[in-house]
Amino acid sequence: MRELTYLEAVREAMSQEMRDNEDVFVLGEDIGVYGGAFGVTRGMIEEFGPERIRNTPISEAAISGTAVGAALTGMRPILELQFSDFMTIAMDNMVNQAAKIRYMYGGKGKVPMVLRTPAGSGTGAAAQHSQSLEAWMAHIPGLKVVQPSTAYDAKGLLKAAIDDDNPVIFYEHKLCYRTKSDVPEELYSIPLGKADIKKQGTDVTIVATAIMVHRALEAAEELEKEGIHAEVIDPRTLVPLDIDTIVQSVQKTGRLVVVHEAVKRGGFGGEIASLIAESEAFDYLDAPIKRLGGKAVPIPYNPELEKAAVPGVADIVTAVKETLNRL
Amino acid sequence: MTQKLKLPPQVKETELRDLYKQMWLIRFFEEKVDEFFAKGMIHGTTHLSVGQEASAVGSIAVLEEQDKITSTHRGHGHCIAKGATVNGMMAELFGRTTGYCKGKGGSMHIADVDKGNLGANGIVGGGFAIAAGAALTSQMKNAGYVVLCFFGDGASNEGSFHEAINLASIWKLPVVFICENNQYGMSGPVREMINIEDIAARAASYGIPGKVVDGNDVFDVMNGVSEAVERARNGEGPSIIEAKTYRSKGHSKSDAKKYRTREEEKEWQLRDPIKLMAEVLIEEGIFTQQEADQIKAEAKKEIEESVEFAKNSPEPTLDALMEDIYA
Chain Y
1 MRELTYLEAV REAMSQEMRD NEDVFVLGED IGVYGGAFGV TRGMIEEFGP ERIRNTPISE
61 AAISGTAVGA ALTGMRPILE LQFSDFMTIA MDNMVNQAAK IRYMYGGKGK VPMVLRTPAG
121 SGTGAAAQHS QSLEAWMAHI PGLKVVQPST AYDAKGLLKA AIDDDNPVIF YEHKLCYRTK
181 SDVPEELYSI PLGKADIKKQ GTDVTIVATA IMVHRALEAA EELEKEGIHA EVIDPRTLVP
241 LDIDTIVQSV QKTGRLVVVH EAVKRGGFGG EIASLIAESE AFDYLDAPIK RLGGKAVPIP
301 YNPELEKAAV PGVADIVTAV KETLNRL
Chain R
328 MTQKLKLPPQ VKETELRDLY KQMWLIRFFE EKVDEFFAKG MIHGTTHLSV GQEASAVGSI
388 AVLEEQDKIT STHRGHGHCI AKGATVNGMM AELFGRTTGY CKGKGGSMHI ADVDKGNLGA
448 NGIVGGGFAI AAGAALTSQM KNAGYVVLCF FGDGASNEGS FHEAINLASI WKLPVVFICE
508 NNQYGMSGPV REMINIEDIA ARAASYGIPG KVVDGNDVFD VMNGVSEAVE RARNGEGPSI
568 IEAKTYRSKG HSKSDAKKYR TREEEKEWQL RDPIKLMAEV LIEEGIFTQQ EADQIKAEAK
628 KEIEESVEFA KNSPEPTLDA LMEDIYA
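Quick mapping for you: the protein sequence lines, in order, are chains Y and R. Per the working numbering, the very first residue in the first sequence carries number 1; after that it's consecutive. Per the working numbering, the very first residue in the second sequence carries number 328; after that it's consecutive.
Mixed in with the good hints, there may be bad ones.
Computed list of chain R residues with no C-beta within reach of chain Y, every gap over 10 Å [what the hints assert, rightly or not]:
hint : residue
1    : Lys333
2    : Leu334
3    : Glu358
4    : Gly430
5    : Asp441
6    : Arg529
7    : Lys580
8    : Glu594
9    : Ile622
10   : Lys623
Once the Cα atoms are required to be at most 27 Å apart in a straight line, the calculated DSSO-like pairs of lysine-lysine come out as [said to hold, decoys possible]:
hint : chain 1 : residue 1 : chain 2 : residue 2
11   : R       : Lys468    : Y       : Lys110
12   : R       : Lys468    : Y       : Lys159
13   : R       : Lys331    : R       : Lys593
14   : R       : Lys331    : R       : Lys623
15   : Y       : Lys108    : R       : Lys638
16   : R       : Lys468    : Y       : Lys108
17   : Y       : Lys108    : R       : Lys442
18   : R       : Lys623    : R       : Lys638
19   : Y       : Lys225    : Y       : Lys307
20   : R       : Lys442    : Y       : Lys110
21   : R       : Lys366    : R       : Lys623
22   : R       : Lys499    : Y       : Lys110
23   : Y       : Lys321    : Y       : Lys307
In case anyone wonders, no lab produced these hints; they're calculated from the structure. The C-beta atom is built at its ideal place from N, Cα and C for all residues, glycine as well.
Generate coordinates for the entire structure from the input sequences, incorporating the hints supplied.
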């Protein structure tokens, strides 16, 4: 099978959907001839024209609300928000409008839109362009939240997100953009709410999201050398969350490490840890659940400080060993 | 026909009785709601547009069936003028399953998406971009409909005003922004919150027409909006119409109105929009005083019946709590 980068997989999913469905279009800042801040939409305006690859003014409040209004009246917009940090400016439309319209209106009307946005640190972009704010959105009933970690998942999940009749926040980790995996040429859908076991194991369950999936897999490989078999689970979507797959894994391994890049305090890892503590897997736990997350600090510019602000492979290895009393 | 009764091409003389009735339906609906809040028969809050009926009725009178509106937190008038049944509205305020939102939205979220009412909005300025998005759908699908976006003087100071009107202007979207300047944003007098005489003058910064109309004169409103709607329908882009009017009641149910004088209120009452409309229609021989009284009585009866309908409608069961969050 052919390999694609994560970035190309996102572009391919959009392009194939747009060829199939006239109602799908993309809007966002600098997504036209420029190709988007990260190049995700490069070449698309040439194929689809400026009507469907809509270059917008720098107006996050307007373009997010315009996407809501277009979705409510029959289109299926994909909004590219240049950096996920700018969610603060689009927040009202996503939280107070998109998420609530259907419920407030008693089940009439729907808002089938996808907000795609690059998230995370590791690019030296510092405090206002490096955050991982997915827990904010996962907190809001009415939204769905997707965080793919591989090219294969990105393509299938994006198709599912575009086809979904609800507002979906689709986080693309910047460091994942250049990662590659086998991606089928035909369009396929990965259902929202289905976790993926990225590596089977028996000794400990590592639940990781976005770029941390890659770091967890690297950590798992190192741990194998010491005879520790870690199972790595990528929930892929936070809302809906496939908690069953995690529960089953913890029942098997008896140990859980949750890792994400977002600040640990108030992060989604706390939700996963709590769900496990409340579940039938609790009795199977042989060690306290461990959470790894970003330090409670704005992402700094200096590359060494930046790295130190979020979990690395060594942190995951250490956390796993701690749960196993193997330090 | 004399000068006073100059009708725009979209409004026929035969419709005037109905429009006059709409004015009374709005007035009686809101007076009834006011009474029920005072008696504690309805809970939550509500925002009344008593005194502003002409801007709702006059604006919507020039629309075609397929056209759409976005409304505000002070939206009962817009709903009635767009064809909502007072039964469904009253039932909603009573929180009953027969209400427009099955009792889940209340006064601030009445919507009828299928009939082109994209909803009242609890967020001041929340409708601007949604209206632009609905207009974008019309443009992209070549659907031919126009969107009226109602907003208040207070909302014109929100950032969304600037962003969405700029966007609508550069894309020549078929939307008309209708400012109901009722002199107060909650307690904030427009003369203290805005440093220009006319909000319509802001249109100049977007390269679009801005026009002030007498918001208490239903005919002046319809003529002003008519031109803007035609312009939008012809693909020439948006306009701002500012209807100068007055909010006779307080901001919401708990308002001692300390920020304004009783004299000012009395002065505006002399120009009551319903009284003004009746005077013109009687003078022009459209109906007699007796017929006018009869129309008023019909409206009153319909509101009384809506109260009975609402009271006799079922409360939602608790199962409904978790329904309609997602499509």
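Outcome of the hint check:
R:Lys333, annotated as away from the interface, keeps every beta carbon of chain Y farther than 10 Å; the closest lies near 33 Å. Consistency note on R:Leu334: stated as away from chain Y, and its beta-carbon is indeed over 10 Å from all of that chain's, at 30 Å minimum. Look at R:Glu358: its CB is around 25 Å from the nearest CB on chain Y, clear of 10 Å, so calling it non-interface holds up. Chain Y draws R:Gly430 into its interface by the beta-carbon criterion, the shortest separation being 7 Å against a cut-off of 10 Å.
Taking the minimum C-beta to C-beta distance to chain Y, about 7 Å, the non-interface status of R:Asp441 is violated against the 10 Å cut. Non-interface status of R:Arg529 relative to chain Y is upheld: no Cβ of that chain comes within 10 Å, the nearest being about 15 Å off. For R:Lys580, the requirement that its beta carbon stay farther than 10 Å from each beta carbon of chain Y is met, with the minimum near 20 Å. Non-interface call for R:Glu594 relative to chain Y: holds, since the shortest CB-CB distance, roughly 37 Å, exceeds 10 Å.
For R:Ile622, the condition that its CB be more than 10 Å from all CB atoms of chain Y holds, with the nearest at approximately 31 Å. Every CB of chain Y is more than 10 Å from the CB of R:Lys623 (nearest about 32 Å), matching its label as outside the interface. Distance hint between R:Lys468 and Y:Lys110 is fulfilled; the C-alpha atoms sit about 18 Å from each other, no more than 27 Å. As the CA atoms of R:Lys468 and Y:Lys159 are separated by approximately 22 Å, the hinted pair is consistent with the 27 Å bound.
Using a Cα cut-off of 27 Å, the hinted pair R:Lys331 and R:Lys593 holds, with the two alpha carbons roughly 24 Å apart. This hinted pair checks out: R:Lys331 and R:Lys623 have alpha carbons roughly 22 Å apart, not beyond 27 Å. For the hint pairing Y:Lys108 with R:Lys638, the CA-to-CA distance comes to about 23 Å; that is within 27 Å, so the pair holds. Between the alpha carbons of R:Lys468 and Y:Lys108 the distance comes to roughly 21 Å, so the proposed pair stays at or under 27 Å and holds.
In summary, the hint linking Y:Lys108 to R:Lys442 is supported, as the alpha carbons are separated by about 11 Å, within the 27 Å threshold. Simply put, R:Lys623 and R:Lys638 have alpha-carbon atoms about 23 Å apart, close enough for the 27 Å limit, and the pair holds. Restraint check for Y:Lys225 and Y:Lys307: satisfied, since their Cα atoms lie roughly 25 Å apart, inside the 27 Å limit. For the proposed pair R:Lys442 and Y:Lys110, the alpha carbon gap of about 14 Å is at most 27 Å, so the pair holds.
In summary, the hint linking R:Lys366 to R:Lys623 is supported, as the alpha carbons are separated by about 24 Å, within the 27 Å threshold. Restraint check for R:Lys499 and Y:Lys110: satisfied, since their Cα atoms lie roughly 25 Å apart, inside the 27 Å limit. A C-alpha spacing of about 21 Å is found between Y:Lys321 and Y:Lys307, which places the hinted pair at or below 27 Å, so the restraint holds.
Of the numbered hints given earlier, the model fails hints 4 and 5; all others are met.
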